[in-house]
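Peer 1: Here is how the chains run, residue by residue.
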Amino acid sequence: MAGLPAQARCVIIGCGIVGNSVAYHLGRLGWRDIVLLDKGPLPNPGGSTGHASNFIYLVDHSKEMTALTVDSVRQYREMGVFTQSGGVEVARTAERMQELTRRMASAEAWGIEPVSLVTPAQLKRLVPYIEESILLGGFYTPGVGVVDSLRMGTLMREHGQSSGALYVSPKTEVTGIDVEHGRVRRVRTTEGDIEAETVVITCGVWSPRIARMAGAHIPLTPAVHQMIDLGPVPRFKGAKSDIEHPIVRDMDTNMYERQAGGDLEIGSYAHRPILYDPEDIPSLEQAALSPTEFPFTQKDFELQMQHALELMPEIVGDESVGVKYAINGILSLTPDGMPVLGESPDVNGLWAAAAVWVKEGPGTGKALAEWMVHGESEIDLHSSDIARFHEHQKTRAHVRARAAEGFNKTYGIVHPSEQWASNRNVRLAPFHVRERELGATFFEAAGWERPQWYESNAPLLAEFGDQVMRRTAEWECRWWSPIINAEHLAMRERAGIFDLSAFTIFDIVGPGALQSVQCVALRQMDVPVGRVVYTPVLSPNGGFKSDLTIMRLGEQRFRVVTGGAAGMADRNWFRNHLLADGSAQLSDLTTSLTTVGLWGPRAREVLASVTSDDVSNEGFKFGTCRTIEVDTLRVLASRISYVGDLGWELYIPMEQGLKLWDVLWEAGKPHGLVPCGIGVYGTTGRLEKGYRAHGNELETEYNVVEAGMTAPRVKEEDFVGKAAHLRHREEEAAAILCTLTVDDHGSKSGEKRYMLGREPILTRDGKRIVDRRGRGSYVTSAGAGPSIGKHILMAYLPPEHAVVGAGLAVEYMGERYPGTVAVAGATPLFDPENQRIRS
Amino acid sequence: MVLVLVEHSEANPTDPSLQALTLARSFGQPVHALLVGAAADLSEHGVSVTHVAEHVALGSFAPDAWAAILGEVAGRLSASAVIAAGTERGNEVIARLAARTGLPFAANCIAVSPGPPVTVTRLRWGGSLLEEARLHGSHALITVAPHVVPVEPSPMPADIERFTPDLSDEDLLVRVVEHVAALGGGVSLTEAKVVVSGGRGVGSKEGFAMIEELAGLLGAAVGCSRAVTSAGWRPHTDQVGQTGTKVAPEVYIACGISGATQHMAGLKGAKRILAINTDPEAPMMLNADYAVVGDLKEIVPAISAEIRKSR
Amino acid sequence: MRILACIKRVPITGGRIVLTDDARAIDTRHLGFTMSPHEECGVEEAVRIIETNGGDSVVLTLGPSEAVEQLRDAMALGIDRAIHLLTDDQEWDGEATAAALTEAIQSDEATSGRFDLIFFGNESADSAGFQVGARVARALGRYCATGLKGVSVEGSSVRCEQEVEGGRDVYVLPLPAVLTVKEGLNLPRYPSVPGRMRARSKPVAVSTPLRPEPQLELVRLIVPAGQGRQAEVLGSGAAAAPAVVEVLRKAGVL
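Protein sequence lines, in the order shown, are assigned to chains B, U and E. Heads up: the first sequence runs through residues 1 to 839, numbered per our numbering. Heads up: the second sequence runs through residues 1001 to 1311, numbered per our numbering. Heads up: the third sequence runs through residues 2001 to 2254, numbered per our numbering.
Possibly wrong hints are sitting among the right ones.
[Unchecked claim] In the DSS-like style, the derived pairs of lysine-lysine whose C-alpha atoms are separated by at most 25 Å in a straight line are:
(1) B:Lys-752 / B:Lys-722
(2) E:Lys-2149 / U:Lys-1205
(3) U:Lys-1309 / U:Lys-1297
(4) U:Lys-1268 / B:Lys-240
(5) U:Lys-1271 / U:Lys-1193
(6) U:Lys-1309 / E:Lys-2149
(7) E:Lys-2202 / U:Lys-1246
(8) B:Lys-63 / B:Lys-409
(9) B:Lys-669 / B:Lys-659
(10) U:Lys-1246 / E:Lys-2149
(11) U:Lys-1268 / E:Lys-2149
(12) U:Lys-1309 / U:Lys-1193
(13) U:Lys-1205 / B:Lys-237
(14) B:Lys-237 / U:Lys-1297
(15) U:Lys-1193 / E:Lys-2202
(16) E:Lys-2250 / B:Lys-324
(17) B:Lys-240 / U:Lys-1246
(18) E:Lys-2149 / B:Lys-659
(19) B:Lys-715 / B:Lys-621
(20) B:Lys-324 / B:Lys-240
(21) B:Lys-324 / U:Lys-1268
(22) E:Lys-2202 / B:Lys-299
(23) U:Lys-1271 / E:Lys-2250
(24) E:Lys-2250 / U:Lys-1268
(25) B:Lys-237 / B:Lys-299
None of these hints come from the bench; they were simulated from the model.
Based on the sequences and whatever the hints tell you, model everything.
Peer 2: Here you go:
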């Protein structure tokens, strides 16, 4: 064997399913000089791929994960390593049955067919050895199957090698990664050094250790997943292949059971979270089995045996069937349950694809390769972006706390608004103490504790009576309060004060600031000082990377304000697009400044009572910003609104935030000022106004024209995605973002039900709606519009359905509800002329 | 002096016993040998006196009787150490002597220094690990690991002293009452010049047909790894390893065996190892003399075909 | 019948054994544990004899608190109850182990009656002392056969087979007897799930014997140097067959 190449376009570290996939797809996209390393031997280097159970369920509530999984299955099938077996997810409880109807909806929304809900009797026919009497039903996906992930890896490597693009080096341990001027330069290994332009870390549970060599972070933790193998099973005696019976997920016990040849394999996510440090993983030589197969801990499996026995007594209760093999398999968990993909914000040229499971491996490999080669992937990966983590989220303690909390939710019924319990109260607004006094219920965003609603507003429920759109179904009342709607109504009638501390704020300064901002923003940024511009930020293909506001504070100073969730990725995007000559700098002010929102018809009166500055409509126009004096404070006021009402965002140094709050609070008393939570800011206020949200309506898979955000003209200056954007303006949009209202909320039981988002939009007769680019229509956002008395849905619809008055339907919890297109495009349902914000 | 129990086969001392004699000389004391039933020529092995126990009841092996005789002679001669080969029989007899005397017993030693206290290096884990230990007793009881210490000749004329031990009925109760000959046909693993062995990679019980075919062509014995016997594909009598049979062939052919320490412990006597495995980095491949990379299901039949062709 | 099986908790070693810093033990941080393979066969044999003849079975170990896992494993296979002689992590030599076991056996027999058979492994997988069974037998004043690969109870005696060159030697011992057995005696069953569940509620009696000063004192452990073979790759796939035959020819076995 010739020695390791001295130079490479790309070095990929880790030969599991992910590394093999990335190597394969980089080669297909035309890259050459790719080197794939692993410290272990091939074809099984000893990582998690080697002991994975290798089955794939298709439907996930996450659109991103489902898309990656579906693409992976396509690739496994193409390579001939997929065996279809079908799979059932069974329900022991009524709550789970309801969850399975949600899975049906997700399947419909993401286009997974066929799927069906099945009765216990049908389950018995599908899986003859199941004890159907303890089950209420199940969710059947015939397309579920098992793959040979090691074989897949081998085929991918062979393809790369035969095309001359790939050099593979097993038994090659990475000892260091050299970084020069913030960019990866060289990989040091036990077999020699390689100069490399890019490095991809795809080594699963070892990833944090390798990333640290370059001074970068990959926030994941190794964790145990228990598996046992029972055999020989008399019923499977004649089995001709590895898998001939549907795989069973016993959702309520966090377990699965599958036939594996003549045996039954049982896996569990039900035990206590058992976390390890990447440093705890033994070497290949030290490990008795593989480094990621730890000794089985029987005591953690006691309850699971009972559960398996209940579900499959014929096999599990058979005295002649023994536990042949049992391991604590090691897999990767992240603090938010999503993978870690993309270029590290810490080191340029250092990429990662970690915490990826076999089911989404090849799809992730393809997406990452596209991202590396073309600057973005076909599938929007923003939820998995490695740049998403805030500083505290990279700490070992945070990663462990959240991974532990998330582990038992692997098969859990997770409400879309469900909050984390662990590691809270990390980032507190200066007025947090006031919010507590007002009985705020806090939701977390980027570590910030943000009031979702205030118990102190409970009297408003009586005040607004029937206008408050109440709910009765437990699921929709979870993580929700009718007070949100009451706060909304009070804000629309009087005024509301909002805690906006979770904003990510950074300035771009210097002689090159304008040009740096121009090249990222769709809108014209060469505006007079004191103007506020709301602008999309496009991906190279003209999809939405983000949307945010930029204030021009000086000739050479721009202040970018964006949401907390996308804040780190946005900051990274701007930093990577600063002029290369160093003439522009980025400085992060997130923790220096806090923001208070003041909106509502009486906001001006409140503000005017504590400032001598001119805040009249003439004196302080919409879309402008400037510093004013409020009581004894100097405050940067910006007249824009995400709730569609008159008012300002008020920026103030963090330590003066409490004072500002108190001043406004006192001033607001005569005007009936109410504290308003993010329930109003993020849902009811914006939905009535048709305002889009990143991650909901806005993602790279949709463009500006489709989102109805086309401006009359496109600026002269170049910007990322411009060519694509110009093309989109010439094309007929494949889909148009519409606002729908629900006509009838009555369910079969008579109880009124309210959609929460991500449900499929169907024709009235129940047909799936798919646009000409193959994208299915689904609810991107859902919520109450208290001022219009309707429940509002947003969805992209193909032109033939994007017609005001068109009758459609939405599927929710197994039933269809009629809805009507109220708006096609961006016109708000509430105050369509936008008089309020301009008054 | 030190006393060495010498096992013999029709008056020929066994190799492990000669190895034990060699190690016994490292005490730097006169070495006496004890044989049961027949005298042997030990003039090349540094033995000053050969004691031969003769008794009508000793026609078949009786371990308690052997332990009693050994104890009696050792006591009579005030032996500072009693040594035997670390064979099944040697370990059994010394263990029983230890039980009788309450003395410490170190099994399977590869080195000793006389002390006091006597210090030994002995095998653990089937030889995967060594232990250095001290024996705190009035006398040391030691067995010598077979096939580790090379026999070093040391010519010395030996006196032969025959005696008839006093044996109680009790000591003669546990004795071999019957010998069942092994079923003929197969080549015995321990004596085979070639062993063809299969591991998990063979894949099934039926998969061993090709292993047997090759073994047949080579006049070889068939062996297997522990994974194979655990799966029920082969009887335990075929298992090579720490808890199976230890083999010493000219050539050991390992087909689809990963090479865990448990298995390697059984191969220490093999002269040449040929490994066939899909994984070039498997421990078996790294510890082999010859390696063939690939699927044994293609390679093994190809070797059989090649042998047929060459005949 | 009443049968006792004595077992020892040992680590499951991987491709390379790593020692603790003081070189007095194996670094078991990454290792699982089991009972020695020979003893597994002793447990299996005990269970089978009781299944055939009726009676009760007990498993006994001397080991750290975690050794209860191996006791439960034995009970999952069908043993009725367990006795755990609790130790700290220090090694016990053969003499001390035998003395502690003997005392525990005598005390159990005083209340529950005599064991007809006591099974030991021929030697433990780790320290491989080859002596505890013989010492316990002597101390109890019972007959003992060792290294057995065949055991059958015939009335008030037990027929024992020992594998030797060219066949098997047969011993016949009167009961009660102490037998040390080897892997291959039987093929131990895997524990069933119901077996494991039953094992959870079976009783484990715990006592803590005092460890005497060892007569065989462990000084240190040494990992021997590798065999130093350097594999010559003869090729890959079926194409390597001629080269293999050439090697066999040179070795003089063709």
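Peer 1: Could you run down the list of hints and mark each one as holding or not?
Peer 2: Results for each hint:
1. This hinted pair does not check out: B:Lys-752 and B:Lys-722 have alpha carbons roughly 46 Å apart, beyond 25 Å.
2. A C-alpha spacing of about 23 Å is found between E:Lys-2149 and U:Lys-1205, which places the hinted pair at or below 25 Å, so the restraint holds.
3. With a C-alpha separation of about 19 Å, the suggested pairing of U:Lys-1309 with U:Lys-1297 holds against the 25 Å cut-off.
4. With a C-alpha separation of about 39 Å, the suggested pairing of U:Lys-1268 with B:Lys-240 is violated against the 25 Å cut-off.
5. Proximity of U:Lys-1271 to U:Lys-1193 is assessed by CA-CA distance (about 10 Å); at most 25 Å being required, the pair is judged to hold.
6. With a C-alpha separation of about 41 Å, the suggested pair U:Lys-1309 and E:Lys-2149 falls outside the 25 Å cut-off, and the hint is violated.
7. For the hint pairing E:Lys-2202 with U:Lys-1246, the CA-to-CA distance comes to about 38 Å; that exceeds 25 Å, so the pair is violated.
8. With a CA separation close to 18 Å, the supplied pair B:Lys-63 and B:Lys-409 stays within the 25 Å bound.
9. Using a Cα cut-off of 25 Å, the hinted pair B:Lys-669 and B:Lys-659 holds, with the two alpha carbons roughly 16 Å apart.
10. Proximity of U:Lys-1246 to E:Lys-2149 is assessed by CA-CA distance (about 16 Å); at most 25 Å being required, the pair is judged to hold.
11. For the hint pairing U:Lys-1268 with E:Lys-2149, the CA-to-CA distance comes to about 23 Å; that is within 25 Å, so the pair holds.
12. Our distance criterion of 25 Å between C-alpha atoms is met by U:Lys-1309 and U:Lys-1193, whose separation comes to about 22 Å.
13. The straight-line distance between the Cα atoms of U:Lys-1205 and B:Lys-237 is roughly 14 Å, inside the 25 Å bound, and the hint therefore holds.
14. About 23 Å separates the Cα atoms of B:Lys-237 and U:Lys-1297, which keeps this hinted pair within 25 Å; it holds.
15. Between U:Lys-1193 and E:Lys-2202 the CA atoms are separated by roughly 50 Å; this puts the pair beyond 25 Å, and the hint is violated.
16. The suggested pairing of E:Lys-2250 with B:Lys-324 is violated, with an alpha-carbon distance near 42 Å, which exceeds 25 Å.
17. As the CA atoms of B:Lys-240 and U:Lys-1246 are separated by approximately 36 Å, the hinted pair breaks the 25 Å bound.
18. Between E:Lys-2149 and B:Lys-659 the alpha-carbon distance is near 87 Å, which puts this suggested pair outside the 25 Å criterion.
19. Restraint check for B:Lys-715 and B:Lys-621: the C-alpha separation of about 23 Å stays at or below 25 Å, so the hint holds.
20. Our distance criterion of 25 Å between C-alpha atoms is met by B:Lys-324 and B:Lys-240, whose separation comes to about 20 Å.
21. At most 25 Å may separate the alpha-carbon atoms for a hinted pair to count; B:Lys-324 and U:Lys-1268 exceed this at roughly 29 Å.
22. A hinted pair counts as satisfied when its Cα atoms are at most 25 Å apart, and E:Lys-2202 with B:Lys-299 qualifies at roughly 15 Å.
23. For the hint pairing U:Lys-1271 with E:Lys-2250, the CA-to-CA distance comes to about 13 Å; that is within 25 Å, so the pair holds.
24. Restraint check for E:Lys-2250 and U:Lys-1268: the C-alpha separation of about 21 Å stays at or below 25 Å, so the hint holds.
25. In summary, the hint linking B:Lys-237 to B:Lys-299 is not supported, as the alpha carbons are separated by about 30 Å, beyond the 25 Å threshold.
When the structure is compared with the earlier hints, violations turn up for hints 1, 4, 6, 7, 15, 16, 17, 18, 21 and 25 and for no others.
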